[in-house]
Amino acid sequence: MDQFGAATAALLVCMAMTLIRSIAGPTVFDRVLAVNSFGTKTVLLIAVYGFLTGRPDFLDLALVYALMNFIGTIAVMKFTRFGDLAGMEEDEEEIL
Amino acid sequence: MNGALVAEVLSWIFIFAGSVFVLIGGIGLIRLPDFYTRIHAAGITDTMGAWLILIGLMFSAGWTLITVKLFMLLFFLAATSPLASHALAKAAFLRGLEPMLGRGLEIENDHD
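First to last, the sequence lines map onto chains H and W.
Quick note, the first sequence lines up with residues 39 to 134 if you use the working numbering.
Quick note, the second sequence lines up with residues 5 to 116 if you use the working numbering.
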């Protein structure tokens with residue numbers, strides 16, 4: 039048990055709390071925020087777990103996961119705002 | 005040998021500080037009362053906790069290719085996570101989600 043084990047435990051506890059918020063969130067934005075935060079913690083958990091097991095080869099997966107997490111958050115937010123992933127609504131000018 | 009010891013101690017310090025920030029962010033994500041305050045708590049986890057943990061992992065890895073990958077991870081997280089938080093807050097505000105305001109902090113509603 040070294041510093042990586044402690045960081046893994048902290049990350050797992052925090053991921054459980056984030057899951058509670060994503061289930062119990064009153065609005066859809068709370069859920070999107072919790073899922074985005076969960077993805078960031080997953081990236082950190084992959085990196086720390088690679089160091090914990092002595093095989094830090096999972097960092098490529100963490101790198102891909104960080105980018106996928108950002109794209110997923112933006113896509114979900116665009117979907118909740120416009121109801122469509124392909125194009126913009128025609129009332130975009132008055133929203134922006 | 006001495007340099008390795010210093011790097012180990014710095015790795016301990018940074019990873020523990022990052023774990024504390026991650027835990028503070030998680031507790032805030034549960035306990036805070038409003039969506040906009042919860043963005044603040046999640047932002048603590050996404051920037052400070054992630055950076056400190058990754059810097060601690062860099063000290064533990066030394067000068068290898070792993071440090072380059074960790075630096076790329078740090079750069080991507082630093083670029084994308086505040087952007088996602090900002091876009092989320094702006095989308096929620098434009099959607100009409102009201103922030104919880106205290107006394108004397110009400111928004112003047114005369115422009116619409």
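Since the hints were derived computationally from the structure, they do not count as laboratory data.
None of the values given here were measured: they were computed from a predicted structure.
Every residue, glycine too, gets a C-beta built ideally from N, C-alpha and C.
Heads up, a few of these hints could be off.
Stated by the list, open to error - Here are some chain H residues pointing at chain W (derived, C-beta under 10 Å): (1) Phe-42; (2) Phe-67; (3) Ala-72; (4) Thr-91.
Claimed, not checked - From chain W, some residues computed to sit far from chain H (all C-beta separations above 10 Å): (5) Asn-6; (6) Val-10; (7) Leu-27; (8) Leu-33; (9) Gly-53; (10) Gly-60; (11) Trp-67; (12) Ala-88.
Claimed, not checked - Pairwise CB distance ranges, derived in the manner of DEER restraints: (13) Leu-69/W with Thr-65/H: 40 to 48 Å; (14) Leu-98/W with Leu-57/H: 21 to 29 Å; (15) Thr-65/H with Leu-14/W: 39 to 47 Å; (16) Phe-120/H with Val-10/W: 46 to 54 Å; (17) Met-106/H with Arg-99/W: 38 to 46 Å; (18) Thr-118/H with Ala-8/W: 22 to 30 Å; (19) Ala-8/W with Thr-65/H: 47 to 55 Å; (20) Arg-93/H with Trp-16/W: 38 to 46 Å; (21) Asp-38/W with Asp-95/H: 40 to 48 Å; (22) Arg-99/W with Arg-93/H: 42 to 50 Å; (23) Met-106/H with Ala-8/W: 43 to 51 Å; (24) Leu-14/W with Ala-47/H: 16 to 24 Å; (25) Leu-57/H with Gly-7/W: 23 to 31 Å; (26) Ala-47/H with Trp-55/W: 17 to 25 Å.
Checked hints:
1. Interface restraint check: Phe-42/H against chain W, minimum CB-CB distance 7 Å, threshold 10 Å, status holds.
2. For the restraint placing Phe-67/H at the interface with chain W, the shortest Cβ-Cβ distance is roughly 4 Å, inside the 10 Å limit, so the hint holds.
3. A hinted interface residue such as Ala-72/H counts as satisfied when its beta carbon comes closer than 10 Å to some beta carbon of chain W; here the least separation is about 7 Å, so the hint holds.
4. With a least beta-carbon distance of about 13 Å to chain W, the hint placing Thr-91/H at the interface is violated under the 10 Å criterion.
5. Chain H leaves Asn-6/W outside its interface by the beta-carbon criterion, the shortest separation being 19 Å against a cut-off of 10 Å.
6. Listed as outside the interface, Val-10/W is consistent with that label: its C-beta sits roughly 15 Å from the nearest C-beta of chain H, beyond the 10 Å cut-off.
7. Its beta-carbon lying about 5 Å from the closest one in chain H, Leu-27/W breaks the requirement of being farther than 10 Å from that chain.
8. The non-interface label for Leu-33/W is inconsistent with chain H: the shortest C-beta to C-beta separation is roughly 5 Å, within 10 Å.
9. Consistency note on Gly-53/W: stated as away from chain H, yet its beta-carbon is not over 10 Å from all of that chain's, at 8 Å minimum.
10. Look at Gly-60/W: its CB is around 7 Å from the nearest CB on chain H, not clear of 10 Å, so calling it non-interface is violated.
11. No Cβ of chain H comes within 10 Å of the Cβ of Trp-67/W; the nearest lies about 14 Å off, and the non-interface call holds.
12. For Ala-88/W, the shortest C-beta to C-beta distance to chain H comes to about 5 Å, within the 10 Å cut-off, and the non-interface label is violated.
13. As the Cβ distance of Leu-69/W to Thr-65/H is approximately 43 Å, the hint placing it in 40 to 48 Å holds.
14. The supplied range of 21 to 29 Å is met by Leu-98/W and Leu-57/H, whose beta-carbon atoms lie about 28 Å from each other.
15. About 41 Å separates the C-beta atoms of Thr-65/H and Leu-14/W, a value consistent with the hinted range of 39 to 47 Å.
16. In this structure the hint that Phe-120/H and Val-10/W lie 46 to 54 Å apart at CB holds, the actual value being about 53 Å.
17. As the Cβ distance of Met-106/H to Arg-99/W is approximately 25 Å, the hint placing it in 38 to 46 Å is violated.
18. The hinted window of 22 to 30 Å between Thr-118/H and Ala-8/W is violated, with their beta carbons roughly 50 Å apart.
19. Ala-8/W and Thr-65/H have their C-beta atoms about 50 Å apart, which keeps the hinted 47 to 55 Å range intact.
20. The hinted window of 38 to 46 Å between Arg-93/H and Trp-16/W is violated, with their beta carbons roughly 21 Å apart.
21. The given range of 40 to 48 Å is respected by Asp-38/W and Asp-95/H, whose C-beta atoms sit roughly 41 Å from each other.
22. Under the hint 42 to 50 Å, the C-beta atoms of Arg-99/W and Arg-93/H, about 44 Å apart, fit the expected range.
23. At about 35 Å, the beta-carbon gap between Met-106/H and Ala-8/W misses the expected band of 43 to 51 Å.
24. At about 21 Å, the CB distance of Leu-14/W to Ala-47/H agrees with the hint of 16 to 24 Å.
25. Judged by the Cβ atoms, the range 23 to 31 Å given for Leu-57/H and Gly-7/W is violated: they are separated by roughly 41 Å.
26. Taking the beta carbon of each, Ala-47/H and Trp-55/W are about 20 Å apart, inside 17 to 25 Å as hinted.
In the structure shown, a violation is registered for the earlier hints numbered 4, 7, 8, 9, 10, 12, 17, 18, 20, 23, 25, in ascending order.
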